[in-house]
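Heads up, the sequence shown is in our numbering, so the first residue is 2 and it goes up one at a time.
Please keep in mind that the hints were generated in silico from the structure rather than gathered at the bench. Treat the hints with care, since some could be wrong.
Each computed DSS-like pair below joins lysine-lysine, with the alpha-carbon atoms no more than 30 Å apart [to be verified]: (1) Lys30 - Lys223; (2) Lys30 - Lys342; (3) Lys307 - Lys342; (4) Lys145 - Lys307; (5) Lys314 - Lys341; (6) Lys145 - Lys368; (7) Lys341 - Lys31; (8) Lys314 - Lys34; (9) Lys177 - Lys120; (10) Lys224 - Lys145; (11) Lys243 - Lys146; (12) Lys224 - Lys177; (13) Lys177 - Lys21; (14) Lys34 - Lys21; (15) Lys243 - Lys142; (16) Lys142 - Lys224; (17) Lys167 - Lys243; (18) Lys167 - Lys341; (19) Lys34 - Lys350; (20) Lys142 - Lys223; (21) Lys314 - Lys371; (22) Lys167 - Lys146; (23) Lys341 - Lys307; (24) Lys371 - Lys142; (25) Lys146 - Lys371; (26) Lys307 - Lys371; (27) Lys307 - Lys368.
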Amino acid sequence: MITMFNAFTNEIDDSEVAVKTIAAQIQDKKLLKNTIGIIACHFEYVENGTIDALCDVIPFDLIGCAVQGSAVNANGGMEQLSLTVLTSDDITFTSAISEPIFPENFDTVIENVYSDVSKSAGDPSLIFLLGPITTDVSGYKILKKIDQLSGGLPIFGTLSNDTSLKYESSYVFRNKEQHLRKMILLFLNGDISPRFYTTAIATRNIVRQNAAVTESSDYLVKKINNLPVIEYFRSIGVQTSKLAAVSMLPFLVDFGDGTVPTAYSMYNISENGAYCGGEIPVGALITFAEIDYNSVMETAEITLRKALDDVEKNGANGIIAIPCFTRSLVIIPNTEDEIKKSLEIVGDKIPFTLIYSGGELCPTYNKQQKIINRFHNLTYTVMVF
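Turn these sequences into a full structure, and let the hints steer you where they fit.
As structure tokens, this is what we get:
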């Protein structure tokens with residue numbers, strides 16, 4: 002059994018006060034045999050020394066990443082530091098941080114960090130992953146590699162993010178080791194049965210027109226309905242000059258395996274094709290959609306209601322929600338409304354953490370209810386455990 006509890010601070014300008022605030026909230030909590038702390042925070046908490054100072058006063062390992070917004074039961078905000086503590090007598094928590102990841106050393110670095118953790122922990126019940134967000138190494142590729150190494154064990158987690166377009170402060174950290182290109186793996190070993198829920202786009206925002214992917218290579222879609230991507234868009238009346246706007250639209254991918262359709266974005270459309278948020282195989286059906294304020298709020302509620310129904314029926318120790326940070330941009334100027342809505346729905350029913358994400362890693366289920374690890378865009382993902 003895992004006990005989960007949270008602490009938070011919004012004191013971003015005074016590191017000393019921030020540390021005292023967090024320490025005061027956890028000082029009377031009972032720690033069991035094994036404990037790990039997961040931090041989600043604005044990047045300034047890293048740069049102003051708050052994370053280093055927390056490591057000096059908290060008696061267990063801390064892992065985490067910079068994010069644009071987080072929440073716990075008590076409070077949430079875009080500049081909050083949220084600490085989630087997991088402690089257990091019978092579940093072990095084993096973590097490691099990788100070397101910096103670049104395209105040229107990708108496989109070796111990920112294989113090494115996976116080996117480091119598995120040597121100590123063996124095969125886990127759950128892998129929690131905190132990855133870097135970069136312009137040259139996709140989160141999808143990181144997930145795919147870990148999925149291969151683990152043989153399909155459930156992987157849940159997020160990519161870091163910040164307020165810049167170049168991700169210049171999207172730190173990932175383990176204790177006092179902080180980096181923009183490193184990745185953290187946390188293995189949870191023992192009797193834990195996580196369940197996962199995802200919702201991306203409100204039903205009314207989905208265009209009822211499927212198109213088949215007829216040529217692709219990994220996450221580059223080359224042909225849709227047997228037409229080069231640019232020609233496909235022309236065939237449906239989209240001018241070449243408008244392709245940049247099209248690339249901002251979300252779309253759903255039906256993999257044909259019974260899993261819930263996965264939301265992706267097209268990061269770039271060129272003569273080569275469309276570069277997408279994840280792998281899209283030949284034969285997959287894509288459906289374009291729109292995302293707006295009402296869709297963001299509705300899908301957050303749908304996902305959390307499913308999670309709470311699960312808790313009521315099956316019991317649980319906590320809920321961790323990881324929604325895409327782009328959702329907070331969609332609802333500008335009411336940037337924190339999704340956080341407020343989430344806290345309102347969950348209340349004090351169960352320990353709850355929300356971490357805005359630069360890329361959501363969350364399993365889905367196929368027709369046989371087997372776990373299929375997926376990388377998501379624009380999605381509200383939840384783990385109940």
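Here's how the hints hold up against the structure:
1. Lys30 - Lys223: violated (54 Å)
2. Lys30 - Lys342: Answer holds: Lys30 to Lys342 is near 28 Å, not above 30 Å.
3. Lys307 - Lys342: holds (15 Å)
4. Lys145 - Lys307: holds (27 Å)
5. Lys314 - Lys341: With a Cα-Cα distance of about 25 Å, the restraint between Lys314 and Lys341 holds, given a limit of 30 Å.
6. Lys145 - Lys368: The hint holds at about 21 Å.
7. Lys341 - Lys31: holds (29 Å)
8. Lys314 - Lys34: This hinted pair holds, its Cα atoms lying about 28 Å apart.
9. Lys177 - Lys120: Holds: Lys177 and Lys120 sit about 23 Å apart, inside 30 Å.
10. Lys224 - Lys145: Holds, at about 23 Å.
11. Lys243 - Lys146: At roughly 35 Å apart (the allowed maximum being 30 Å), Lys146 and Lys243 break the hint.
12. Lys224 - Lys177: violated (46 Å)
13. Lys177 - Lys21: The given pair, whose Cα atoms are some 18 Å apart, holds under the 30 Å limit.
14. Lys34 - Lys21: holds (24 Å)
15. Lys243 - Lys142: holds (29 Å)
16. Lys142 - Lys224: holds (21 Å)
17. Lys167 - Lys243: holds (24 Å)
18. Lys167 - Lys341: Between Lys167 and Lys341 the Cα gap is close to 28 Å, so the pair holds against 30 Å.
19. Lys34 - Lys350: holds (25 Å)
20. Lys142 - Lys223: Distance of about 18 Å is within 30 Å: holds.
21. Lys314 - Lys371: holds (20 Å)
22. Lys167 - Lys146: Holds - the C-alpha atoms of Lys146 and Lys167 are around 24 Å apart, at most 30 Å.
23. Lys341 - Lys307: Holds: Lys341 and Lys307 sit about 18 Å apart, inside 30 Å.
24. Lys371 - Lys142: Answer holds: Lys371 to Lys142 is near 21 Å, not above 30 Å.
25. Lys146 - Lys371: holds (19 Å)
26. Lys307 - Lys371: holds (19 Å)
27. Lys307 - Lys368: Given that 30 Å is the threshold and the Cα spacing comes to 19 Å, the pair holds.
Violated hints for the displayed structure, listed by number in ascending order: 1, 11 and 12.
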